[in-house]
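Going line by line, the protein sequences match chains U and S.
160 is the number of the first residue of the first sequence in this note's numbering; add one for each residue after it.
160 is the number of the first residue of the second sequence in this note's numbering; add one for each residue after it.
If you are wondering where the hints come from, they were derived from the structure by calculation, not from laboratory data.
Beta carbons are placed, not taken as given, at the ideal position from N, Cα and C, and that holds for glycine.
Some clues are possibly wrong.
[Stated by the list, open to error] Listed next, the stretches of chain S that the computed footprint assigns to chain U, with coverage defined by at least 3 CB atoms under 8 Å from CB atoms of chain U:
{"#": "1", "region": "211-223"}
{"#": "2", "region": "282-295"}
{"#": "3", "region": "308-319"}
There are 2 protein chains.
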Amino acid sequence: MTDDRGPAKKPPMRDVLAEAAFGLFMERGFERTTVDDIVARAGVGRRSFFRYFPSKEDAVFPDHERCLADMTAFLAAADGEGDPVDAVCDAARLVLRMYAENPEFSVQRYRLTREVPGLRTYELSVVRRYERTMAGYLERSWEGTPDAALRAEMIAASVVAAHNNGLRSWLRSGGEGDAGAEVDRALELVRTVWGQAAGGPAAGASDDEVIVMVAPKGAPMWRVVQRIESALGGE
Amino acid sequence: MTDDRGPAKKPPMRDVLAEAAFGLFMERGFERTTVDDIVARAGVGRRSFFRYFPSKEDAVFPDHERCLADMTAFLAAADGEGDPVDAVCDAARLVLRMYAENPEFSVQRYRLTREVPGLRTYELSVVRRYERTMAGYLERSWEGTPDAALRAEMIAASVVAAHNNGLRSWLRSGGEGDAGAEVDRALELVRTVWGQAAGGPAAGASDDEVIVMVAPKGAPMWRVVQRIESALGGE
Numbered sequence: 160m161t162d163d164r165g166p167a168k169k170p171p172m173r174d175v176l177a178e179a180a181f182g183l184f185m186e187r188g189f190e191r192t193t194v195d196d197i198v199a200r201a202g203v204g205r206r207s208f209f210r211y212f213p214s215k216e217d218a219v220f221p222d223h224e225r226c227l228a229d230m231t232a233f234l235a236a237a238d239g240e241g242d243p244v245d246a247v248c249d250a251a252r253l254v255l256r257m258y259a260e261n262p263e264f265s266v267q268r269y270r271l272t273r274e275v276p277g278l279r280t281y282e283l284s285v286v287r288r289y290e291r292t293m294a295g296y297l298e299r300s301w302e303g304t305p306d307a308a309l310r311a312e313m314i315a316a317s318v319v320a321a322h323n324n325g326l327r328s329w330l331r332s333g334g335e336g337d338a339g340a341e342v343d344r345a346l347e348l349v350r351t352v353w354g355q356a357a358g359g360p361a362a363g364a365s366d367d368e369v370i371v372m373v374a375p376k377g378a379p380m381w382r383v384v385q386r387i388e389s390a391l392g393g394e
Numbered sequence: 160m161t162d163d164r165g166p167a168k169k170p171p172m173r174d175v176l177a178e179a180a181f182g183l184f185m186e187r188g189f190e191r192t193t194v195d196d197i198v199a200r201a202g203v204g205r206r207s208f209f210r211y212f213p214s215k216e217d218a219v220f221p222d223h224e225r226c227l228a229d230m231t232a233f234l235a236a237a238d239g240e241g242d243p244v245d246a247v248c249d250a251a252r253l254v255l256r257m258y259a260e261n262p263e264f265s266v267q268r269y270r271l272t273r274e275v276p277g278l279r280t281y282e283l284s285v286v287r288r289y290e291r292t293m294a295g296y297l298e299r300s301w302e303g304t305p306d307a308a309l310r311a312e313m314i315a316a317s318v319v320a321a322h323n324n325g326l327r328s329w330l331r332s333g334g335e336g337d338a339g340a341e342v343d344r345a346l347e348l349v350r351t352v353w354g355q356a357a358g359g360p361a362a363g364a365s366d367d368e369v370i371v372m373v374a375p376k377g378a379p380m381w382r383v384v385q386r387i388e389s390a391l392g393g394e
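Put together the whole structure using the sequences plus the hints.
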């Protein structure tokens, strides 16, 4: 739609605007910064802002649209190969990568978002779009099987919750350490509970192979599942 | 805070305002209705509206605050008894009951919400508050156990997704039939996957009892879990 490549060496206008906006939000607060303040700092006209961002909120999260497009493309390419639950876990890692690309910005934005209800609400809408993208993929993958939509929606919600649990730990720690490790650990629980028993070894196993599992009868189901996983040699 | 009991026989002011607001939203659309229009129809002053509702959006969902309070009270009373996963499934049914109390209103509101992005966003915030209430309860129930927060957040997200899947089916059908049946079926999958193996029988079983489960090795995990459940005599 818009060409954001300026003359050589100048950063793209979109980036200039996002940076001017975020700088002002941090200095003056989100509510007290107007679009006029932003365009004045960026040295452009008011209409330029709205060419790139529908609202002030959008300038706080300038990369989500690209990331949503990446996720959609990634899942389209994954169609039909491997366990769909693994594919959506990998799709969630695209979101994490976006946050991890710029830890300082991500941590500052996390703190800002905690303080501004309008930004939290905006973030909920974005998260919901990721969730629907993943649920749509799962439902298509399981078309014609029982409860495809129900399972797809439950699993997509679990993936989002797990991803955000790991991401939040990392953001709260100030962006120190390995963001991926926290999220991987959380997503592993999704795969344990919802993925095909065929983590690795069973991928090549025939349908008539069987497993026998023994566990205390009073154990919580998620622990029973973990034992099955380990009996299968997965993990 | 406010006394909404008027003289005998008159409906509470809050209800009068919510009804005037919703009537106008349906006739003129949400965006084209002002607070002034609403108070004119209700026959009260502008300040009365804001005594009861912080915003126009709140008047569309007049019962969520009460329902959130009911859920909090319900979970506080449930603390420590039975499987916490069963308790949050029952808590989710309180939300359903609110929708089912007035099918016609719920269906009209569902259609209105689909058309107004601001209402969808508002609804996401409300749903998030239910989710956090349930996650908080689960986390407290499992305090000191591994991954308590992670499991709590994943399960609360699953419960919300399951509840909304069932609720949406019912709303899309125009509020015909039994809303509870759709939601029960969806929540049953949460319990199958996340509840204690002790659906019924194992509640009284000792910890050293064991089950032996046989299943095709390539089966998806959720199906394996269903077989365990049925082996346990649950369902």
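Structure-based check of each hint:
no.	hint	verdict
1	211-223	violated (count 0)
2	282-295	holds (count 3)
3	308-319	holds (count 9)
Checked against the numbered hints given earlier, this structure breaks only hint 1.
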